[in-house]
Amino acid sequence: MSESKTIAVAMSGGVDSSTAAAILARGSACADNSKNAVVGLTLQLWDQMRLAGTHGIPDAPKAGRCCSLDDVYDARRVAEHLEIPYYVVNQEERFERDVVRPFVDEYLAGRTPIPCSHCNNHIKFDQLLKTARSIGAERIATGHYAVNEFDEKRGRWILKRPADRAKDQTYFLFGLTQDQLARTLFPLGQMTKPEVRDAARKYGLMLAEKPDSQEICFVPGGDYKRFIEAYLEEQGEAAPEMAGELVAPTGEVIGQHTGIHNFTVGQRKGLGVSSAAPLYVINIDPASHRVTVGADAELATRSLRARQLNWISIPDLTEPTRVKAKIRHRHEPAWATLEPSGADEAMATFDEPQRAVTPGQGAVFYDGDEVVGGGWIV
Amino acid sequence: MRRVYCDANATTPLLPEVMEAMRPYWMEEFGNASSIHLHGQKARKAVDHARETLAKFFGCREAEVVFNSGGTEGDNTAIFGLVRAGDHFITTSIEHSAVLRAADRVAARGVDVTFVEPRKDGLIDPEEIRRAIRPATQAGGRTLISVMLANNETGVLQSVEEIGKIAAESGAFFHIDAVQGAGKIAFDVRRFGCHLCSISAHKMHGPKGVGAMYVRRGTPVEPLMVGGSHERRQRAGTENVPGIVGLGKAAELSMESLEDGTMARVARLRNRLEAGILEIPGTGVNGTGESRTANTTNIHFENAEGEALVIALDLKGVAVSGGSACHSGSTEPSHVLMAMGLDKNAARASLRFSLLKTVTDEDVNHVLHVVPQAVEHLRALAPETAGTSR
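Chain order of the listed sequences is A and B.
Quick note on the working numbering: the first sequence kicks off at 61 and runs consecutively.
Quick note on the working numbering: the second sequence kicks off at 15 and runs consecutively.
Hint data in this document are derived by calculation from the structure and do not stem from the laboratory.
A quick note: this is a predicted structure, and the numbers were derived from the prediction, not measured.
From the structure, some residues in chain B lie toward chain A, with a derived Cβ separation under 7 Å:
hint, residue
1, A322
2, L329
3, L392
4, L395
Even glycine gets a Cβ: it sits at the ideal position worked out from N, Cα and C.
Same shape as in the complex, but just chain B (with noise of 0.2 Å):
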């Protein structure tokens, strides 16, 4: 059967060039990037490689560059590194699960923290952030403002770089969770306008468990994880040299592909299959239109339970999601796509398809094939369950 991988949101396999590059670290050059001996020099000097790649790929100077272990971290890192009680903390509802329970965290310190809303687009506006500021903070304790670069669920792109005028004006600091917009935009860190960025290396074809962090020089933030003077005391642990390299090859790799069409050719695919699908009665995108990652669409289905369907696809060979896992692996309403004002079962109605870079147009052709015939099916069985219309 063909197999179709249309969550790259999710994750994304290495590329080749990745795992050849990652290669030799695992067993040649094994070293401890801290050792004075040869076997140390060769780790360092892949890893100093890698953060010069990164500091190309964010912007900024290589002493900037924090390795990690991926966005969880990085997004930790920034939230509980800068805020303290009496501080204010500005996020938004449609984060990711690793700022909003850091948020719920740090609230319960006693952090004053404020959840922005989207529009109904899914677009955050910026002026939304600029009144959550409060004049009284921000003469005394610090103000953090954390606002994702793309969505997760629906790719909707945010006004990094307003929000980031608006921090700079106000005097507060600025994170962007930058997980789901690394590799897929034009990236810049000065022109963001932030103190601190979070990316993961497995959603732009790296290996899982490594990441990287922008951290502005100066930025007064406090490592997580304590121990070893490793990464200029910003972070504890020996360093993830093969991941620290793939994530260094996969960076390079994506400012090419943003470079040379292939973003293009996906946003072209993505189109494809966006409007394919939305010639299913019934259906329509949730998120804004046009400024978007070029590889997400969120599509509401009427009258059609969305985990249902992301099974009946699964076991016809096409890939996707719906809503966010819980705890024992079901799935729950998109927080995301209610806090744009969907009610639950219209959430619950709504899928994600997320291409990797690598689509081709006959990935797109069996995916329109299958995906009317899944609907179709489980709208003729049950008509009166769940997904009624928005």
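For reference, chain A alone in the conformation it holds in the complex (with noise of 0.2 Å):
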């Protein structure tokens, strides 16, 4: 088995990640029938009893959430039924600095962050492809349902949308560079969610029927609102004084908040205010404190502006083209001319109207299924 064919599996103890790493140590032998070397690792990325008895946090930690001891327990017990070599490896520093910080530090300047894309450019394609690196793994593989191919007419890497449709993870890796591409395997690319549980029994896997995470890893029960406040008080910060007027779209003063991080562009629950119709989030002024709702057609939005671009199947946008841009992970991809509108921003100019284009999500441009590359809401 010679050093290049080695691949490190990120393995998260969820379903996904775990078939992908038995499909690799099991299942298709490479082009020269030599199988491959396998090593699984696992990233501790959070101590998950750290905030916990703080601001109503959870004393136990449930599973499924990435780092809960039960997950490393179960990508251990899957690694040694493949028998193949596996390692934590602490990358907490790493993602306190580069996902929880700035995830944080999005919500209290008013903007709805992804920590999961954070996470994907700053730790799983960038901290352990060099572990993998380091380690002789040329390459690594991921559970994400993604498709990854080189295209020889444009010499380029070139990310498509999986076979499941509904399980489409690419719009949290627009992150991903050329040399990223070219180094890391999604195994479930072509299969469907239902495939790969079968392929997991098939296997021998005993977390099958192991339901899948939805929560962000870090947040205990998805309460981001106490995430914040307890990380802040454990850091010894006063949260800053967020509290501040809601306005109608006129600029009238209909109500007062206790914080713009309680809210996110698209709201309607939790406004404190009533009204005749449904009101909803339309802007939210990090310097005034200010939150404007608003009636759902003043949620449309004609353009968008994106900055810290990644291109993936082109070199870079030279010129108009014509998209699809998808404004965040439950959104239909809606028709957009894009163009360059400065030094490292893009704008998107919708077809129609789209409702709640909230800064800090990512917008991610496809072709068809590729995907042309994508920037952070500004």
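Once you've looked at the hints, go ahead and assemble the two chains, each given alone in its own frame, into the complex.
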């Protein structure tokens, strides 16, 4: 077994990454009929007991969340079953610096972050890849639902939507560089979730029926407001004064709120004001702490600007390009014209106005199944 | 692939003689040592024989040997069994977590706890222990001092004899966590001047899950486990007869190793290994040079991440350790190295090599072949990550 064939699989203890590991360790042989040498790695990212018992965060973390001891146990059991070497790698400091802290800061600045994308960009496909290469694995594999192919004509690695559209995770992967794509395998890209569970059963993985995790891994119970308050208290930082006015689109003050971090654009519940027609958060102004609320129709936006761009299927954006733009995880991509609008900035103008364009979320641009690239909505 | 095990301070394999000594006590001689009948008598005889060996090993009377489950139990028993609210417990910041976490617990129960810091070379200055003792406590409650004989991560040997004298002068009780020193240096609890001394079988080629504690006659240590009247009422629970037999054999063999030149050979190979690794640029030894256990060296690699290096070496057949395992199994920077003044990155960039007494020249050759390559590969990939200089 030559070193260059060693593949490090990122194992979270869930069905997807466990099955990805099984496919590589047990499944199809390489072109030359040699087996892959597979090493399992679990990233220890966050101590789930760290904020336990403060601000109403439960004492005992439940399973199905990254880095809970149960999940590390599950990942290790799978590695034992597959008879592959397995290690837990501590990335807690990096994770806090590059994912958790920015997550808190984004909310405090009135934006709505996607920590999973930050984690992919800074931890999984950066630090994990470095660790993998340090230990002699030139490639990594993950359990993401995405397809990754090299296109000879363009001389570029192309990221594409997977067979299982409902599980498509390309939205979270728009930050991958060409070098990262060249070194990454997505063994589940051509499979549907039911097929993955079938494969898990076939390989004898005892976690084949384990439920999917949905929430943000480091936020217990999904209550990010409590998490932010507990985190700031632990850091010895006074929560910044974030209370302010709730205003109508006309500027009329219609109420007060206790903090802009409690709001996200498009939010309907928990506004604290009553009205004949349903009200939604339309805008959050971090400077004045003013939260504008209005009717659903006012949420519609014709265009967006994105920064910190990363291009995948094209070397750079130089001219107006027709794309379908996706502005949040569950958003159905909508036709737009994409054009450069400044240094490291692009503007997408939608054919039809889109609801709740939210600063802090990713904007990912598609050409058919291909990811053209993406950036962060400002 | 050739595999070389350089993690003897984590655990050691049974020597064949130990395995053979234990063999009859699983099935044939299975008796309970407390039973009156012949089965019990055979088990009792085996335990008594091991006790005689351990008494020689410690340099104490047979009645002063208490068998238990290992180092953690010994450390816990010394601390929980001796100090109460209002007492003073003096220990060091470089102890094993079996002492440190027990210290945290008694502190929460009202015991006054002092952690003495080591010098940069990893040595605890006995005068710092003396300064920590409080006259007021001497008059009233108890003072317990607990210091390790040899540090598990650096191998640095502490000046236990001097600390023993200080304890005697001040009327303090003195416990030695000798888990890492046992079998590696000459042993004499009278010379050490301690009241209590804990050892573990599996660090000296004995079985896991068994250990022993020297308890000086008259030391008022309360048992951790209560129940039957085993071990002179000092440790309840049916004796682990095969384990105790294995410990006895391991102790006997380790006394021979100190006499027959084995440990001198280990020291020579450790020195060769260390010198070879130090030829890699940007490396240095953590912990004092001379006063160390023969098998251990702790080396700092600039611009290398210890955790990745441990994995890379493992995949190339060299088993070493870096830092201490945290709850999930990943590594946290060593509290020992940080107490010695290394920053987090430097502590993370340090590896412990601890050799078995069966180590050979070929083993050392293999390690010296693999380590420089792995370090170079790591540094070439990520010059910017971790491991800044000290």
